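Required output: the full structure, derived from the provided sequences and hints.
Terminal number for the sequence shown in the working numbering: 625, no gaps in between.
One or more of the hints may lead you astray.
[Stated by the list, open to error] With a straight-line Cα cutoff of 20 Å, these simulated SDA-like cross-link-like pairs (lysine to any residue) come out:
(1) Lys-377 <-> Ala-255
(2) Lys-279 <-> Thr-301
(3) Lys-611 <-> Glu-97
(4) Lys-491 <-> Ala-255
(5) Lys-218 <-> Arg-469
(6) Lys-286 <-> Gly-275
(7) Lys-204 <-> Thr-480
No lab work stands behind these hints, which were simulated from the structure alone.
All of these numbers come straight from a predicted model, not from anything done at the bench.
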Amino acid sequence: MDKLRDFLKSWPGRILLILCLSPLALLGVESYFGGGVDPNQVAQVGEASVGLSEYQTAVNNRRTEILEQVDDASLLNEDVLHEQVLKGLIDRTLLEQQAGKLGMTVSDDTINRLLREEEIFKDAEGNFSNDQFSNFLRQRGMTKDQLFAEFRNQLSLDQLNASIVGTAVYPMQAVSQLIDLQLESRNIWLHRFNWQDYADQVKLSKGDIQAYYDANKDTLKSAAMVDLAYLQLSPKTIQVNEVTEEDLQQQYEAYKQGLAVVDERKISQILLTGKDAKTRAAKIKARLDKGESFAALAKTESDDPSGATGGDIGTFNPSVFGNDAAAVEQALEGLSVGDVTAPIKTSFGYQIFTVTEDNGSKIPSLESMRAELTAKAKEYKRQEIYADKVTAINDLAADGFSIEDIAQQENVTLKRIKDYRKENNKSELSQPAVIKQAFDEFTIQDQAVTAGIEVGNGTVWVQPSNYRPTKTLSLAAATPKITQILRQEKATALALKEAKKLAAGIKTPADINKQPVRFQSLGEVNRQTTLLTEKERGLAFSQQAANNGVVAIASETEMGATLLVGDRIKTEEQSPLSDVQRAQTAAIIRDNLGQDQLQDYLDYLRLVYKVEVNDANIANAQGR
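Here it is in structure tokens:
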């Protein structure tokens with residue numbers, strides 16, 4: 002396993018993972034549009050193609066990867082997922098064709114040499130093993146030629162990628178300048194002018210509203226909405242009050258199996274047979290309770306040959322006892338060295354056991370774990386009931402029952418959301434997966450109850466009704482929104498006007514306290530400060546102040562307007578990064594530039610190689 006793990010970290014291992022998980026190194030959100038292609042393909046890229054099965058496999062693998070990182074499957078945006086996967090596959094195909102055109106290839110000798118260096122293919126003596134290599138291929142259903150072809154293709158892509166990304170240039174001088182900028186600091190005073198404080202001064206006419214409506218009619222649209230009825234079920238809502246002893250025993254056995262421990266206790270026995278075995282066993286047990294030696298009594302009283310050695314029968318082995326194993330094991334449960342069982346009736350007669358040695362891990366008794374096992378048994382039953390209920394509701398939904406009937410039959414609370422929005426949804430069911438199902442064309446048309454949608458740790462079923470598609474708002478309907486927009490715009494302008502008026506009168510630090518508004522002193526801050534908003538950080542170091550003076554800057558910001566005052570920017574006596582840190586920073590910057598160059602190159606390749614997408618196959622693959 003360690004060898005396999007190390008292999009997967011190596012270059013051929015990473016290549017194999019890429020091949021298995023899908024080529025998704027290049028992701029984006031750009032769409033491709035095109036005409037007709039082969040029905041078994043999702044895209045034609047120049048002379049190559051992206052197959053439907055390849056696309057579906059890539060989507061499934063990518064979805065699995067994402068779901069391993071998030072707890073709530075409903076948060077996964079399937080539309081974005083499909084779009085990103087498609088772009089990744091097309092980008093890869095573009096690069097593959099270009100690498101072939103440029104003659105980028107890797108010889109068999111090179112691949113052979115690299116593979117022979119991999120530990121996973123070496124034997125105990127450290128030599129390359131053909132047997133291990135053959136087993137590797139057989140387990141993955143590949144031939145040597147297929148493996149070589151895939152490696153050659155990927156290494157060619159790596160060459161092309163490196164020739165683009167690795168050529169980005171960003172001089173160290175520019176890196177130093179960038180770092181120095183981030184290390185700049187200055188003292189900041191500020192006052193924020195909230196636009197709401199000026200809203201009462203704004204006067205709007207019907208002409209203002211009409212003019213805005215005429216200029217922005219295309220953006221003034223109502224949101225698509227439905228009225229939503231839904232059921233929500235979670236394991237937490239299912240009450241389990243009691244569990245049986247059988248339930249506890251099942252959990253206990255599962256616990257022991259999970260421990261993966263072996264009973265290494267050595268035991269001795271006294272076996273009594275014949276018609277009086279029960280009576281004799283009781284008398285011997287009484288003598289043992291008074292402190293007589295178990296080994297001595299075994300020698301004199303046991304009817305089994307093991308009595309000669311004090312009753313020693315070695316390590317406990319359930320298979321020796323056949324159908325009696327469970328009874329014997331239960332009797333031995335929780336016993337320590339020196340403890341003696343009560344007489345047990347078995348197919349051999351009556352047996353008394355003692356533990357002589359305990360070389361294994363001690364397993365806690367069921368009784369000592371009763372509280373924990375009870376909780377586990379309740380949770381198991383809860384999950385079992387929950388799964389059965391989910392199945393039952395799904396079956397009723399598939400059979401065409403209304404959501405009201407399902408709620409009544411399964412005793413689940415029916416909830417409703419009026420005016421459930423497709424965009425800017427801020428309801429308790431704002432997950433992309435729920436929104437997609439609620440506005441599914443067929444669901445709306447049939448007003449059907451959807452199949453269960455996994456949301457967090459539960460399941461949701463929805464039934465939309467009263468669908469209202471998006472449409473351009475009338476002037477009357479748009480007036481409240483327009484009024485709000487214009488009032489904020491004009492109030493912000495008034496706030497900015499006052500901020501600029503005050504800024505003109507601030508030249509020295511002493512001028513700050515002479516203003517009719519109170520300034521907040523932030524002290525010395527740098528460009529990474531969290532005390533300023535994003536727009537304010539852009540202002541804070543935009544202008545230098547004169548020696549012994551300050552600079553006052555007024556600008557529109559997120560809340561309205563901000564008047565920001567700063568003293569001279571400090572660029573001296575900085576704590577410079579080490580040469581190593583500066584080199585690392587430069588590498589990061591160059592890599593980012595290289596990725597930008599790669600995207601530019603892909604844009605160029607889209608002009609060289611015609612890209613056509615089969616929209617029908619994409620829609621089918623997305624379940625639309």
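Report task. Take the C-alpha atoms of Lys-204 and Thr-480, compute the straight-line distance between them, and say whether it is at most 20 Å. Result -> The hint holds at about 15 Å.
Query raised in the report: Given the hinted pair Lys-286 and Gly-275, is their alpha-carbon gap at most 20 Å?
Result: holds (17 Å)
Query raised in the report: When you check the alpha-carbon spacing of Lys-377 and Ala-255, does it fall within 20 Å?
Result: holds (11 Å)
Query raised in the report: Lys-218 and Arg-469: Cα distance at most 20 Å?
Result: Given pair Lys-218, Arg-469 holds - Cα atoms ~19 Å apart, limit 20 Å.
Query raised in the report: Is it true that the CA of Lys-611 sits at most 20 Å from the CA of Glu-97?
Result: OK: Lys-611 and Glu-97 at ~14 Å, within 20 Å.
Query raised in the report: Is the hinted pair Lys-279 and Thr-301 satisfied, with a Cα-Cα distance of at most 20 Å?
Result: holds (17 Å)
Query raised in the report: Hey, Lys-491 versus Ala-255, does the alpha-carbon distance stay inside 20 Å?
Result: violated (70 Å)
Hint 4 from the list above is the single one not met by this structure.
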